[in-house]
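Residue numbers (UniProt numbering), protein chains in the order written: chain A, 1 to 411; chain B, 1 to 411.
Calculated directly from the structure, the hints in this document are not laboratory data.
Any given hint could turn out to be false.
It does not matter which identical chain is meant; a pair holds if it fits inside one copy or across any two.
[Unchecked claim] No farther apart than 30 Å at their CA atoms in a straight line, the calculated lysine-lysine pairs in the BS3-like style are these: (1) Lys256 <-> Lys221; (2) Lys315 <-> Lys201; (3) Lys315 <-> Lys380; (4) Lys303 <-> Lys254; (5) Lys352 <-> Lys380; (6) Lys221 <-> Lys380; (7) Lys328 <-> Lys256; (8) Lys303 <-> Lys77.
Number of protein chains: 2
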Amino acid sequence: MQTTINMETVKVEKWLNWLSCFGATKNDGVTRLLYDDSWKTAQLALKEKMVDVGLQASFDSIGNLFGRLEGTEIKEKTILTGSHIDTVVDGGKYDGAYGVIASLLAVKYLYEHYGFPKKTIEVVSLCEEEGSRFPLAFWGSGSITGKYKLEDSKELKDASSIPFHTAMELAGFPPSNQSAARDDIDSFIEVHIEQGAVLEKEKQSVGIVTHIVGQRRFNIKIIGESNHAGTTPMSYRKDSMHIASEFIAYAMNKVKEIEESLVATVGKLTVSPNVPNVIPNEVVFTLDVRHHQEDILDQYCAKIFSYFESICLEKGAGLDISQWVNVKPVKMDENLIDTADYVLQGLSLPYKKMISGAGHDSQMFGTFCPTALLFVPSQKGISHSPLEFTKIEDLKNGVIVLIKLLHKLAY
Amino acid sequence: MQTTINMETVKVEKWLNWLSCFGATKNDGVTRLLYDDSWKTAQLALKEKMVDVGLQASFDSIGNLFGRLEGTEIKEKTILTGSHIDTVVDGGKYDGAYGVIASLLAVKYLYEHYGFPKKTIEVVSLCEEEGSRFPLAFWGSGSITGKYKLEDSKELKDASSIPFHTAMELAGFPPSNQSAARDDIDSFIEVHIEQGAVLEKEKQSVGIVTHIVGQRRFNIKIIGESNHAGTTPMSYRKDSMHIASEFIAYAMNKVKEIEESLVATVGKLTVSPNVPNVIPNEVVFTLDVRHHQEDILDQYCAKIFSYFESICLEKGAGLDISQWVNVKPVKMDENLIDTADYVLQGLSLPYKKMISGAGHDSQMFGTFCPTALLFVPSQKGISHSPLEFTKIEDLKNGVIVLIKLLHKLAY
């Protein structure tokens, strides 16, 4: 292929703005929840775009949208590329949507310049990733990869008590026996905004993701004893706030001793009775821990929980640790990483190999088929907000890399 | 006087139970708020009791109730003894009420056994101490000691928007020009439940209070930066929860290095946005610090705030410290302490000199006239709750000490 891609014809900003009109909010954000009207209109409009581009467009039984460019030599296996169409409430224009538009524009460019590929390529607009309407995330990619079955969604309801299957029916996807699982996926390629500030801070244009982190989340409850703040000497206290502060400081400081890319966050904390002049009897907080190696997560959790237990034993306080999230780390495909690396070396763009600290559809595909995930910068790392922003140049760079990568894989 | 007091005639439990019927709640607690119906009925009933006992009973202009036993030699100066009649919402039977009943029973006993004293004694049922109806505490003792004027309460409203002065009028105390301030108080003697667990834990029957602590309360706000819990490396974070945990752990641990009886409490803490997978941008917490020496409070606050400032500077986070309570420590009268000490040495009761970590009416009197405050044990230190409890034996001991002390001072 030509070394230089003529990006004059690749209107990524225009197409992204067009897609962000479906579900636009008054804050200049986007709310497009699984199976709602904005979601439905957007998917139908995307289907038309796919047809305009020259792709064979079709929905599966649950609302994933595919635009197929059939290979001249290998038809039975498909290189799938895309991301998700749904957003969080009042989210940004880029999260998910950029990946769908980038894939569509890349395939459009390739078709216009090189005709049909040797290997079949399909652009996918996955129906759901965020988990923002129903308490279930990765519905689109999870169904294609066979991790979710229709019955997994049967009992779920949204905040207005609308059942999941009613929502499907209203959107034009009545629950059916036809499975959304596929066995013809050769590989999955996703481009996404970073949703972090690493690329921006390090002045990199593109990130090649090597791993998506594993996530563990815990609720930690400390049961002390309420008492009068004035009449209880320090030595008589079982102050759950004091114990919590020791725990959190220890947990945060221990991170850097374990491994550089380990992260831990206490995002939510509640105090009882939460009154200035009463020693708190109970503090409950969440702990979110992420790393791309299970053994690092094991090591960290064992270290801090053993400390928590020893302190509670010493102070005579109660401790209850319950885990409510346990997502395993996922490795991206080494051959695809090498190919992306090769493509990027040929472009004069600064890039880096990196870990994804957030979950993505690539996480579902990563244990199912060879998968590649590429990042473009997010301004200030802001995401899930109307303030989400990526510079046009960066958006274009992502499409260029994708064009080169798909060309290499499919032509 | 006789060494042994015949407590058969001193029905402290019966009288306390009788008083607790005014404002009794379904939880076996008491709600008697300034100027409400239960309060009014209780004060009028107490007035009758005072008359029955042989005292000259009268209200002042704001609803403090006095029962006077005039001295045969010194009439112009009064030994005042009592406590407050009001409670918190669903409070206990003992806080305040015990002090009123103990004083009334002690004076009854003295009058029955020894007739009129040389010095005038007055039993007082102070109208308000808790600050539980209007945002103002110590209204009774503060008015007698001239610290509050009528106009200080003029703008105040209760939770139902009833103005303070309307409540006064409805209770039969229409605001008038007649001041409640008195210049004839010789001394003030109060018996109160400890509201802490020190006497119980140390198996002491009586506490002689030497000081009432000073109290400082602060709101401390840490302004960090919200970010994604997964995509933000630890070194990029301005995690206000992490900073708060370091502050609280430091503040709590520093206490014991400064002085044994210093206490500090973080009772209330709020996190923003308080979501498990978002690094908190803001944490606000209260800090309550108490000690009986101003220089110790100064030293502690300077130490921890300088640490807070250095950490925020280092982390590039914002810090806002605002003080909203500043009550000075109050020393009880040394002569009265010595007299109480002498009296207690003559009884075969274990007792200790101690600091009061809670505020009491004695705090208002302590800077106005010689004042003594005596404690009896509180079971498990529980107070401001229907579970508040003091054993009959301890209640009786408090009355015995008061009889002996008043006899020594007035006969």
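Status of each hint after checking the structure:
no.: 1; hint: Lys256 <-> Lys221; result: both (24 Å within a copy, 26 Å between copies)
no.: 2; hint: Lys315 <-> Lys201; result: between (43 Å within a copy, 17 Å between copies)
no.: 3; hint: Lys315 <-> Lys380; result: between (42 Å within a copy, 18 Å between copies)
no.: 4; hint: Lys303 <-> Lys254; result: both (9 Å within a copy, 26 Å between copies)
no.: 5; hint: Lys352 <-> Lys380; result: within (18 Å within a copy, 62 Å between copies)
no.: 6; hint: Lys221 <-> Lys380; result: between (34 Å within a copy, 24 Å between copies)
no.: 7; hint: Lys328 <-> Lys256; result: within (21 Å within a copy, 44 Å between copies)
no.: 8; hint: Lys303 <-> Lys77; result: neither (46 Å within a copy, 69 Å between copies)
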